[in-house]
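In our numbering, the protein residues as written are 1 to 276.
Among the clues, some could well be false.
[To be verified] The list that follows gives simulated cross-link-like pairs (lysine-lysine, DSS-like), each with its CA atoms no further than 25 Å apart: (1) Lys-101 x Lys-258; (2) Lys-147 x Lys-88; (3) Lys-125 x Lys-101; (4) Lys-97 x Lys-147; (5) Lys-267 x Lys-101; (6) Lys-101 x Lys-88; (7) Lys-258 x Lys-88; (8) Lys-79 x Lys-125; (9) Lys-168 x Lys-79; (10) Lys-88 x Lys-125; (11) Lys-258 x Lys-79; (12) Lys-101 x Lys-147; (13) Lys-125 x Lys-258; (14) Lys-79 x Lys-267; (15) Lys-125 x Lys-168; (16) Lys-79 x Lys-101; (17) Lys-101 x Lys-168; (18) Lys-97 x Lys-258; (19) Lys-168 x Lys-147.
Quick caveat, the hints were computed from the structure, so don't treat them as lab data.
Quick caveat, the model's predicted, so the values are computed rather than measured.
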Amino acid sequence: MKPRAIGLGLLLVGIGVGVACIPHPKEDFEDFLARTEDARAPLPKEDSGPIDSSAPTEVIEGLYFGSCLSGLSLGDLAKVLRFYTEVKFTPDPSGGKLNIKFSPMKGVDLSSGNPVPTPPSGMNKDQLFGAPFGADNAPVSPAGRFKVVFPEVTLDPNTNPISGRPIKIQNVTFEGVFSASAPAPVDAGPTPTPDAGAGDDGGDGGDSGVTPTPVDASTPTAPGGRPRFCATLGGFVVEPIRQPLDSSTDFCVFVPVKPGDAIPEIKREEYKCALP
Numbered sequence: 001m002k003p004r005a006i007g008l009g010l011l012l013v014g015i016g017v018g019v020a021c022i023p024h025p026k027e028d029f030e031d032f033l034a035r036t037e038d039a040r041a042p043l044p045k046e047d048s049g050p051i052d053s054s055a056p057t058e059v060i061e062g063l064y065f066g067s068c069l070s071g072l073s074l075g076d077l078a079k080v081l082r083f084y085t086e087v088k089f090t091p092d093p094s095g096g097k098l099n100i101k102f103s104p105m106k107g108v109d110l111s112s113g114n115p116v117p118t119p120p121s122g123m124n125k126d127q128l129f130g131a132p133f134g135a136d137n138a139p140v141s142p143a144g145r146f147k148v149v150f151p152e153v154t155l156d157p158n159t160n161p162i163s164g165r166p167i168k169i170q171n172v173t174f175e176g177v178f179s180a181s182a183p184a185p186v187d188a189g190p191t192p193t194p195d196a197g198a199g200d201d202g203g204d205g206g207d208s209g210v211t212p213t214p215v216d217a218s219t220p221t222a223p224g225g226r227p228r229f230c231a232t233l234g235g236f237v238v239e240p241i242r243q244p245l246d247s248s249t250d251f252c253v254f255v256p257v258k259p260g261d262a263i264p265e266i267k268r269e270e271y272k273c274a275l276p
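Given the sequences, and given the hints that come with them, work out the whole structure.
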């Protein structure tokens, strides 16, 4: 065979090998979806709020631990989004008004260079990252129903236990029920202890040195008789991926706590919210 022909043959072989090595993101993503289908399966839809729910008739103010389980978490409770949530409800003849402030909490340890899902060490402000967002005087119906919408929210990488990257979500919608009585969670367990391995990550979100007080998330009411409340979660993720949040399957649970408390344990079956 002539050298020119041999050279052409080697070139074609090289091209073939190169093409075989080119990544195929579409096929890889489809394979990923297939392998995680069971984990991403939505929870069964069921009622979680009292049928005869009604807005409280007295002022309720305090701190809540907010935990949101969405399609982004792929069913993994270690990858929920967590919020230090400050709330004040004021009753009025039409139901009431709700002031609510969400401060994103630590969700990942980035010190190793690879994101490791890591919960906050406790309900302390040194576990907060990024900008808070909130609403004042949101109307609450006589049945306790409320809705707050934020045009765009960006979550700090330190609060993203899924990939450790910034999350940008548009049209973020919390629609929930803040009622005088709270639903009792399913299969309430023993009082949880603080999350293992939730110590200092070497950054600003480290442990404050305060020993957290265990909190029983299974109790419908906690500090000061404040009830738990819940919300559906809607919106559209535009970074780092594009994915809708489905308010029929994505839920947030808010548990009353005090500053310095341990992070409450919330079971998978507790992520639900029936709106009156």
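Evaluated hints:
Of the supplied pair hints, the one linking Lys-101 and Lys-258 holds, its CA atoms being roughly 15 Å apart against a limit of 25 Å. For the proposed pair Lys-147 and Lys-88, the alpha carbon gap of about 15 Å is at most 25 Å, so the pair holds. The hinted pair formed by Lys-125 and Lys-101 meets the criterion: a straight-line CA distance of about 13 Å does not exceed 25 Å. With a C-alpha separation of about 11 Å, the suggested pairing of Lys-97 with Lys-147 holds against the 25 Å cut-off.
With a C-alpha separation of about 24 Å, the suggested pair Lys-267 and Lys-101 falls inside the 25 Å cut-off, and the hint holds. A hinted pair counts as satisfied when its Cα atoms are at most 25 Å apart, and Lys-101 with Lys-88 qualifies at roughly 9 Å. Between Lys-258 and Lys-88 the alpha-carbon distance is near 14 Å, which keeps this suggested pair within the 25 Å criterion. Distance check on the hinted pair: Lys-79 and Lys-125 sit about 20 Å apart at the alpha-carbon level, within 25 Å; holds.
At roughly 16 Å between alpha-carbon atoms, Lys-168 and Lys-79 fall within 25 Å of each other, so this suggested pair holds. As the CA atoms of Lys-88 and Lys-125 are separated by approximately 18 Å, the hinted pair is consistent with the 25 Å bound. With a C-alpha separation of about 23 Å, the suggested pair Lys-258 and Lys-79 falls inside the 25 Å cut-off, and the hint holds. A distance of roughly 13 Å separates the Cα atoms of Lys-101 and Lys-147; the hinted pair therefore holds under the 25 Å criterion.
In summary, the hint linking Lys-125 to Lys-258 is supported, as the alpha carbons are separated by about 12 Å, within the 25 Å threshold. For a cut-off of 25 Å, the pair hint linking Lys-79 to Lys-267 stands: about 13 Å separates their Cα positions. Restraint check for Lys-125 and Lys-168: satisfied, since their Cα atoms lie roughly 22 Å apart, inside the 25 Å limit. Among the hinted pairs, Lys-79 with Lys-101 is consistent with the structure: their alpha-carbon atoms are about 21 Å apart, no more than 25 Å.
With a CA separation close to 18 Å, the supplied pair Lys-101 and Lys-168 stays within the 25 Å bound. Proximity of Lys-97 to Lys-258 is assessed by CA-CA distance (about 22 Å); at most 25 Å being required, the pair is judged to hold. Taking the CA atoms of Lys-168 and Lys-147, the gap is about 20 Å. The hint holds against a cut of 25 Å.
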